[in-house]
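Asker: Chain X: place on chain U using the hints.
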Amino acid sequence: MNDQAQLLPGTLDLLILRAVSLGPLHGYGILLRIGQISGNALLIEQGALYPGLFRLVRQGLLKADWGTSDNNRRAKFYELTAAGRKRLREETKSWNRLAGAIASALGPQPEQV
Amino acid sequence: MSLFPSIRFRLAALFQRSELRTDLDDEQRSHIQLRADDLERSGLPRPEAERRARIEFGGREKYKEEIHASLGGNLMATMIQDIRYSLRVLLKSPGFTIAAILTLALAIGANAVVFGLLDALILRPLNVPNPQTLYTIEHGPDKSEGESYLDYLDLRDRNRTFESLILYNIIEVGFDTGANPSRSMGYEVSGNYFDALGIQPWLGRFFHGADEHGPNSAPYMVISYPYWHSRFHDDRGIVGRVIQVDKHPFTVVGVAPPSFNGTLLFFFPDFWAPVVNHEQFGGGDVLNIRNEQDFIMAFGHLKPGVTPAQAIVDLNSVGAWLEKTYPKTDAHMTFTLARPSLAGDLLGPPVRGFVAALMLLAGLILLAACANLGSLFAARAADRSREIALRLALGSSRRRILRAVFTEALLVSLAGGTLGLFGSIALLRALSVWHPSPRYPIIVPVAPGASVYWAALLLALASGFLFGVVPVRQILRTNAYEVVKAGSAGVVAGSTGRRITLRDVLLVLQIAICAVLVTSSLVAVRGLLQSMHSNWGFDPQNAMVLDSDLSMAGYTGENVPAMQRRMINALQAIPGVTSVGLIDELPLNGGAPNEDVFTDETTDMVPAKAAAHTINYKISPDYFHAAGTTLLRGRDLTWHDDNNSPAVAVVNEEFARKMFGSVDNAIGRFFKPEIGTRLQVVGVVENGKYWQMTENQKPAIFISFLQSPANASSIVVRSNRDPQQLAADIRTALREQDRGLPFELLTWSDQLSWALVPSRVATVALGVLGIMGSILAITGIFGLAACSVSRRLREIGIRMALGAQRREVLGAALGRAIKLLLVGSVAGLLLGVLAGRVLAYLVYQANPRDPFVLTGVVVAMAFLGLVATWIPAQRALSVNPLVLLRED
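Keeping their order, the protein sequence lines are chains U and X.
At position 36 of the first sequence (counting the first as 1) the number is 36 in our numbering, and the numbers step up by one without a gap.
At position 186 of the second sequence (counting the first as 1) the number is 186 in our numbering, and the numbers step up by one without a gap.
Here chain U stands alone, though its shape is the one from the complex (with noise of 0.2 Å):
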């Protein structure tokens, strides 16, 4: 378990908005195919999922709707809306400047070889 990462404050969204730019799924779906993509290398609380996925319905960036699982459970479904398509380019683009400028001062510095 501990070879699994915290999670950084704010990142949960972005994830979230990216597993469902896959097609639709219901909460727990969402769990797993954060784990899949991630490679289970995150810690993620699966309670936490949920005020997340409130917070972005609320912003009118996820569209959530009661469905069926495949195994038959009643399961509420989200999806990803124009806006939430457009918000999760613009935050893949600004995450990877982010991170890109973190690797690199992190990085191995020619001065202390």
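If you're looking for bench data, these hints aren't it; they were derived computationally from the structure.
Just so you know, these numbers come straight off a predicted model, no measurement behind them.
Here are the simulated lysine-lysine pairs, DSS-like style, with alpha carbons at most 25 Å apart: (1) X:K698 <-> X:K143; (2) X:K62 <-> U:K63; (3) X:K64 <-> U:K63; (4) X:K609 <-> X:K658.
What the simulated footprint calls covered on chain X by chain U, stretch by stretch (three residues with Cβ under 8 Å from a Cβ of chain U suffice, anywhere in the stretch; the number is not a length): (5) 27 to 36; (6) 54 to 68.
Cβ-Cβ distance ranges computed for the label pairs, FRET-style: (7) U:A99 <-> X:S397: 29 to 37 Å; (8) X:S397 <-> U:R89: 31 to 39 Å; (9) X:R477 <-> U:A83: 43 to 51 Å; (10) U:S21 <-> X:Y85: 40 to 48 Å; (11) X:S93 <-> U:R89: 55 to 63 Å; (12) X:D383 <-> U:A101: 50 to 58 Å; (13) U:W66 <-> X:S397: 24 to 32 Å; (14) U:R89 <-> X:R477: 46 to 54 Å.
Where a beta carbon is used, it is the ideal one built from N, C-alpha and C, also for glycine.
Answerer: This is chain X only, laid out in the frame that chain U set:
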């Protein structure tokens, strides 16, 4: 967002809340089911799979809260939730809740009452336009409010800083509207009175400065709204009617508006009449005597832009002119200004001082109550530390818990405030209809209004925050893990240290306040009791007093003493009456005629050469007998001391000593009054109280009413008969003499109750505050003692198991509480003795060093301590170490 849509949105959110909640529940449940399905597939049995799924999900309520918190309607929703929760918690411990609410109700109620007084007597100006520029003039080093009429005229015409100088004087007249002659009190005023104040008539018109054309030229009268209502039953035909005032015809020209009740806060006049007619009000020729300087009070609006300092300079230059022009009569004509509403410096400083002191005490009581409730809440928080820790552990935020605690505090304080406010309104209403004097239309003009309600609400909220804040640190510091692991002992360990805590300081303060209050109320009660039984120079028991003024029935000149003599004879003839005596003004009845006297050798009779300032009574020969005043030397006045005999006087002991060195020396000696012939002393009587209870001994002289007539007649009728029957006989006897003479008949004791009003009020107020302070001190000490016993139960148990004696156990459990009690009491006692000195001005014979008082305070405080620590002590002693140690 503007206010209205915002509210609508919040309300909508409130209603959608339950819908949202079920939706969230469904979703969470669905999630757990899906997860459980997966776990089941990986080989777990279904129940185990569902359990694991729930654990993995985490705190469901916490996430729901988080979602709610992100919603707009959250504030109101959680507030209602908090309130419901707090109500439930409070109702679960009704004893604590009732005690807390009552404590606050008392404290806030007391504050609201005192604030009502403060508001009515000090904060609120007179109900006239532009009250802030209204000033009353006082002169001389002792700030006398009285001026003579002639001085007033000069001041009015020669000053350049007042818009228009007004005068007024309180008078009492006989009103005769055809039936039922009655006495009535009002103002005689200068013609410019209403115009200068800017008051408009309710009915008819007012009189004006232009109506004055010399003595007795303006027989007009304006009546007050309440008097119009009570005496004339709102009869609009009153305007233009002629009524008999002291047997002189006066025309009622108008009625004053209901909002205007004269220019003194506490004295509502029945009428206003022009001062130029003073002679017709039985006043004699005072208008033309310049050194009649107690006569009228003068006040007015300053001109726009004029400061009080400029006005004083201006008045003083007029004063210098007066001193130069009239050296015989005018001395010390330097002026000061004061607010007119409390008769300037006559009543202002004592009233202000008294109300300010009350406000301070009431404020201290509220502070003590808050300290008390604060420690109670802290103790409760400590008791509930396990619950709080559990809530924290289950994911509740500290903020939420703090909010719940504050909600509780505010609920208690609002309930207490409301209760206190209702109580104070009732009390203020009662005060406003209270007539402390049987003779004067004196009222306490308190009307509980919006300002009082606001004050109570603010006080309630402020005190709620004040005592709600106390347990905050405790909750913020709670370490959920430690508490759940170690039990409640874990949290309190930090606060049982030896250092002095805020709570200790608050408690000492509170006990000190209580001791101050107990000391001062004991001083006041003791002083009151002593003044009831002290020697007043007369005996009010078994005597009735008939109060009248012959000028009200039209008697003048020689007719006055003749009628007075007839009245005395008629009363003397009533069976069972032992003696009857007449005096122009009863002692301790609000006023005492006084004048300067000179030695027989003085020729230049100016105020500066006066040998003494003495009270000057006119009496009938048998007065001393009827009043129960002891004659020390010489003889009483007789019926032969009339206009055909040499002028003589009886003087009191103080006068004899002051003028002639000793009582024996005085008999047969002469002295000169301000006006009239030299007087020979024929007798000396014992000293007495004349003007008020707390006065220093004053000199007094008594002259025969045959030699120096007076219209005012108070006749003392001494008899052992039942006052009611006697009163009926007195009335009949008097009717036979003159049907048209208005009079009042009271027992002398009732008449005197007026003189005791200030000390009674002080005693009652201090007594009530003292009792409240005691209650608070008891609950405070009790709280501390109970808390320290329950915290140290285990320690006590161990000590007892190791063989500690009862005394040691008690010492351990209650030592701190008792130490605080001692410190507080000693501090309070010392402060109380200091406060007692202030009290000596209000309460006759108040002596804080009285051993009775000191013992009383010590006993009272010890008793309070005993009451407060009794139950905790019992609890500490009944500790069964075996049971206790096995429990944890």
